[in-house]
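Trainee: Chain A is already provided as a structure; the job is to place chain B on it using the hints.
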Amino acid sequence: MLEAKLNEAALLKKIIDAIKDSVTDVNFECSETGIDVQAVDSSHIALVSLKLGSDGFSDYRCDRNITLGIKVASLVKILRCANDRDALTLMADDNGDQLRLTFEDSKSERVSEFVLKLMTIDQEHLGIPDTKYESDITMPVDAFQKIMRDMFMLSESVKISCDKEGVKFSCKGDVGDGSVLIKPSSSVDDEGSTTIAVETPVSMELNLKYLNNFCKASGLAQNVHLGMSSEVPIMVEYLLPNGYLRFYLAPKIGDEDEEDEDDD
Amino acid sequence: MKTYRAKRKYLSESEDDVFSSSPTQSPETSPLQPPNESRLNIKAAQAVSPCQKRAKVVKKPAKTKAPVQMTLSLGQTTSTTCKTCGMTYQVAYGPDISAHKSFHSTALNGPKWKPSVSAVVVDKSKTYTVYKSRLLSHPCVSQFLKLVNSELNAPEPILSSQAAVYVYVVDQRAVGCVLVDRITKCRHVDIQTGTLGLKEYPAVMGVSRMYVSQLFRRTGIVTKLLDLAKSDFIYGMELEKNQVAFTQPSEGGLKVAENWAGTVRVYREGE
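Order-wise, the sequence lines are chains A and B. Heads up: the first sequence at position 31 corresponds to 31 in our numbering, and the numbers run straight through without jumps. Heads up: the second sequence at position 97 corresponds to 97 in our numbering, and the numbers run straight through without jumps.
Chain A with its partners taken away, still in its complex shape (with noise of 0.2 Å):
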């Protein structure tokens, strides 16, 4: 039995609005210590990891582990039937192929009770290595979804290079090129600062198409936090009041001997 109440439904929209474009189907693995969400989009270069807490629920139970699998799409529409500040429960029974969703709007008592039919989605829950990465970028989320949109409008893909100077993003289109040079902010106190943590320097491509869907996340914190190692996936996480949504997207490699193997 699992039943977890969110004071405001509106985090639950931000998280589902935000992998909705990355991940079609998801396991929503309900434990003791909260709800975990793992899922690989379909071409396999983009992960989407999340995690809520049992904490940030004003109430929690799970009994049970329970495995919920659910289709994006789906939940999206029944959760655009609930208000941003209404309080919303999931309900699920041990063995049921259902999930309940209440919306309660405290001010004038109007209960809205939605069921989801459940799907049985083959998906094993992946080891993520934890990885310490080269390379630590903590920035705001408003000046990475901006510089992501922008970098977009020019090409496909952007290279994010990071030193002890700052960060760099810079991008090559057919149209033109761009950059964007990002020092670290010289007071850490600030609200809208950026924080470089550099090992070794790092310089990655990433394809612009997945950073721009991980941006939707942009509602649901201040910071976006990127961790870099070279050749490993880059890590977009955003932290949440009581567990984070992260987001991997494997690097693009490009050099001369990979075109010599494809013609095997």
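For the record, the hints were derived by calculation from the structure and aren't laboratory data. It is possible that some hints are incorrect.
[Unchecked claim] Residues from chain B shown here face chain A by an in silico Cβ test under 10 Å; the list is partial:
hint, residue
1, A66
2, V68
3, M70
4, T71
5, L72
6, S73
7, L74
8, G75
9, Q76
10, T78
11, T80
12, V91
13, A92
14, G94
Every residue gets a Cβ at the ideal spot worked out from N, C-alpha and C, and that includes glycine.
Mentor: The following block gives chain B in isolation, referenced to the frame of chain A:
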């Protein structure tokens, strides 16, 4: 000269410093060559790096010169089996996806059927055409039969020279077929117990293979083809249903046979 250069290349790999510090050793080579060879060495060094990076990121080949998009490798299942057509393919590999697409539509709608000299029209209406062919080795027919056989998971049929195939064509796609042959004897099968009768009966037509592509099943195509074959297979002779026997029927095939003939008679191919 050629052998000498090859030897020099070998030297430059092992004793790089020695070679570069004394370029006068080979007066007959042009000054352009040393940078050429040093580039070769760099390339060889680069060839090592892709192996290292594969530890985490699996390479996905592409034909463009642009950087190649990697895919995640976290131990997730990379292959999937289509529930409708049963094909197993790699989800993150472009050529596999397109191969599945074409196979999927063939399995569901049947393969393309090009009418040719190898087949004659025996029945025609507004919605369908039935072709009959005795030239089973003609590429147009044999390709289709090969596909049917693999779809049925059946071995190569053993046929006599009198065998014929009836193909049901809708919108230039072969959606169903019945492969028949001339036989002499058959036995009776009790469907409830699944036992084979001992007594042999005379028979005229043996149905070797029956196939209908997925989207067209349960629409009576095989029944129509069997009726047609019954009156058309032997020229000028309408066969009785008990003169027709089946071979190696699958579960579905057995039901078709029972439905059509009432009782099921079977024969052994090549007997």
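Trainee: Should the hint that T78(B) touches chain A count as held when the rule is a Cβ pair under 10 Å?
Mentor: Nearest chain A Cβ about 7 Å off; hint holds.
Trainee: Can M70(B) be said to touch chain A, with a Cβ gap under 10 Å?
Mentor: 4 Å, holds
Trainee: Tell me if the interface restraint on T71(B) is satisfied: Cβ within less than 10 Å of some Cβ in chain A.
Mentor: With Cβ-Cβ at 4 Å, under 10 Å, it holds.
Trainee: Any CB of chain A closer than 10 Å to the CB of L74(B)?
Mentor: 4 Å, holds
Trainee: Next item in the hint list is A92(B). Is there a CB on chain A closer than 10 Å to its CB?
Mentor: OK, holds: A92(B) within 10 Å of chain A, min 4 Å.
Trainee: So, A66(B) near chain A? Judge it on the closest CB pair being under 10 Å.
Mentor: 6 Å, holds
Trainee: Could you check if V91(B) really has its C-beta closer than 10 Å to a C-beta on chain A?
Mentor: 6 Å, holds
Trainee: Given a cut of 10 Å on the nearest C-beta pair, is the interface hint for V68(B) held or broken against chain A?
Mentor: OK, holds: V68(B) within 10 Å of chain A, min 5 Å.
Trainee: Using 10 Å as the Cβ threshold, decide whether T80(B) counts as touching chain A.
Mentor: 8 Å, holds
Trainee: Given L72(B) as an interface hint, is the shortest Cβ-Cβ distance to chain A below 10 Å?
Mentor: Holds: closest Cβ of chain A sits about 5 Å from L72(B), inside 10 Å.
Trainee: Quick one, is the G75(B) hint okay against chain A at 10 Å, beta carbons?
Mentor: With Cβ-Cβ at 6 Å, under 10 Å, it holds.
Trainee: For the restraint on S73(B), tell me whether the closest CB of chain A is nearer than 10 Å.
Mentor: This interface hint holds because 8 Å falls under the 10 Å limit.
The earlier numbered hints are all upheld by this structure, with none contradicted.
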